[in-house]
Amino acid sequence: MSDDVSALHLVLTGDPALFAIVRLSLAVSLSAMLSAALIGVPFGALIALTSFHGREIAIVVLNALMGLPPVVVGLVVFLSLSRSGPLGSWGLLFTPQAMVIAQTILVAPIIAALARQTIEDLWNEYQDELAAMNVGPARRVATLVWDARFSLVTALLAGFGRAAAEVGAIIIVGGNIDGFTRTMTTAIALETSKGDLSLAIGLGMVLMSVIIAINAVAWGVRRAGELWAG
Amino acid sequence: MRAPTSDLPIIFAEAGILAGGAPILDAVSLSIGPGIPTVLIGPNGSGKTTLLRAAMGLIPLSRGRVTWAGREASAPTRRAILLQRPVMLRRSAAGNIRYALGTAGVPRSESDRRICDLLALVGLEGLQRRPARRLSGGEQQRLALARALARDPAVLFLDEPTASLDPYATKAIEDVVRTITARGVKVVMSTHDIGQARRIGGEIVLLHRGRLVETGPAEEFFRNLRTPEARNFIAGELLV
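The listed protein sequences derive, respectively, from chains A and B. Residue numbers 1 to 230, in our numbering, belong to the letters of the first sequence in order. Residue numbers 231 to 470, in our numbering, belong to the letters of the second sequence in order.
Just chain B, same shape as in the assembly:
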């Protein structure tokens, strides 16, 4: 893994996105620095996915701006995303990773070794030749994570990486998140699972209706909830 800091911090300045005239991201100002994971929490429709996609450059901002280490115009390439519903290419498990390595300019001579390393990292050794679409949901999610890591990102966005996974598969993903964080990759992930946010820790960002409600280091965030929205959400109340 590469040293993670050159494209950080990611700074959202009054970032807003409109969909059909309605704000789905509303004047969000946020700084994402290197180091510990940043965990976006909030109910469905709170803007977590939109924020991650905007950071990846997959959707343009309607207002405000996003800068990477102060740069705005040139899109950094050392970033990758695990989408909420990743799509497996119609290839083998190894073929999916090989494709991502190709897009990252990794020479073919290095591909086989990298594929083995990445499959081992996500616990899919021995499944290289299996058609990716024939893997189970949890295996596909781990393969998608390996594919994202194939681009050797300094920053990795994970959009609800364990949604609809069983506890075993969830633990496997969380273990990989801890491993890659220890290796210096900045992880920015979204979840609506409070337990997961506590387990991953790091910096917590609570979004609601496209707005940033509250943010802070995990321990302090959960100990001292400052806003009614945060108290209700953490208490398991329905935020509508």
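Next comes chain A alone, as it looks inside the complex:
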């Protein structure tokens, strides 16, 4: 049987090893996306709606952080969580939690930067109307976040896509331990280097399906937003 056919067989028969890897990958990436959203959306809103000395520099830095190299983030988290590091006592190195931390650091700037841009654009539109309606600061933020919700969901999905496709950081802090910290991307890297192309291709198929599904959902969310909310 060729590698392609073997890969398809693994996917279609629901190979337990393959789907354990898929489950862990989705759990890690979803957890990272949610953690990053809790940090990134409020932070983006804060920068969008406040004026302070150095704001322009903060925006440039935030935008630059969208391109954080995963291996550098992995190295920093590794050093922080290693036994002699400042957070070594937590005992998280080579665990899924360490992978979530690394991916959260990678994804939070993406969500924050996109949220900042989205909320700031909407604020520029709404500013006069909300002032005329005497809307206070708390209600203002809630209004902007609510009305920007479809764009913000797209930002979250962009963050999820980044996390799901990432390999450099999690292979350093997770260690790619079979059955414990092995994800789709780290497994593909390992199996390819070992020459076991069936599993690598199978995982690649699933990963691509996940990425396509994410983009389909993002498109659908935006379209639904246009239809329902204008």
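To be clear, the hints were calculated from the coordinates, so they are not data collected in a lab. There's no promise every hint is true.
[What the hints assert, rightly or not] One-sided excerpt, in silico: chain B residues whose CB lies under 7 Å from chain A:
#1 L313
#2 R321
#3 R456
#4 P458
[To be verified] Each pair of labels, with its calculated beta carbon distance range:
#5 G300/B with S51/A: 32 to 38 Å
#6 R429/B with I57/A: 52 to 58 Å
#7 A412/B with F52/A: 46 to 52 Å
#8 E340/B with W219/A: 50 to 56 Å
#9 S394/B with E125/A: 16 to 22 Å
#10 N63/A with R429/B: 49 to 55 Å
#11 P86/A with R364/B: 53 to 59 Å
If you're wondering where the values come from, they're calculated on a predicted model, not measured in any experiment. Glycine is no exception: its CB is placed at the ideal position from the N, C-alpha and C atoms.
Based on these hints, arrange chain B on the given structure of chain A.
Structure of chain B alone, referenced to chain A:
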């Protein structure tokens, strides 16, 4: 609609606003009392929008003061404005009005009835669920008017409410202005359409280059133009 008089008259005393060092509102003294509409006329850049925004508290004065029934410090809340280019919130037509009702502290139990009343007032019955941004320009303008009225204002500022609207939409807005005036809402509106100023009537205020040129009751104003600027503007000459 509420009784309109408690926050009136609005008095501008030597009110001035500078932009980049140049006056865009220049020592305007004006009293706006209850009753008939006050119509600000003048060419583009004459200070109409600036005057309305200053009255709403959206821009601060550089000099002079504005008082509401003699009060200066406490901003009255019974006022609303229809901006020249109103922005629809990303919600349905009903959602836009519901939002304004919420900011005015109207209980949710009353919202549905008020939304129906306001949409009927501006002739948008049946469009409650339509996304506000998908309405036509004229419909959006009427929805913005309904949204402003949701705050139950005693004083309503309308900034060029019919600019770029067709005659049908313009008539719809003017009809609403007459209706709410009859219900006791003080309307202060700006326009550069002389015909509209004649139709609405009331008190006419001519502004030019940020200065108040001439004011008076509509009939008398148009019958007896006292200044060259007023004569030129009403004659359709270009005021530059």
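Hint-by-hint comparison with the structure:
1. L313: Holds, because the Cβ-Cβ distance from L313/B to chain A comes to roughly 6 Å (cut-off 7 Å).
2. R321: Since chain A brings a Cβ to about 6 Å from R321/B, closer than 7 Å, the hint holds.
3. R456: 35 Å, violated
4. P458: 35 Å, violated
5. G300/B with S51/A: 32 to 38 Å: For G300/B and S51/A the Cβ distance comes to about 35 Å; the hint holds.
6. R429/B with I57/A: 52 to 58 Å: For R429/B and I57/A the Cβ distance comes to about 54 Å; the hint holds.
7. A412/B with F52/A: 46 to 52 Å: 50 Å, holds
8. E340/B with W219/A: 50 to 56 Å: For W219/A against E340/B, whose Cβ atoms are near 39 Å apart, the range 50 to 56 Å is violated.
9. S394/B with E125/A: 16 to 22 Å: At 19 Å between Cβs, range holds.
10. N63/A with R429/B: 49 to 55 Å: 53 Å, holds
11. P86/A with R364/B: 53 to 59 Å: 54 Å, holds
Checked against the numbered hints above, the structure breaks hints 3, 4, 8 and satisfies the rest.
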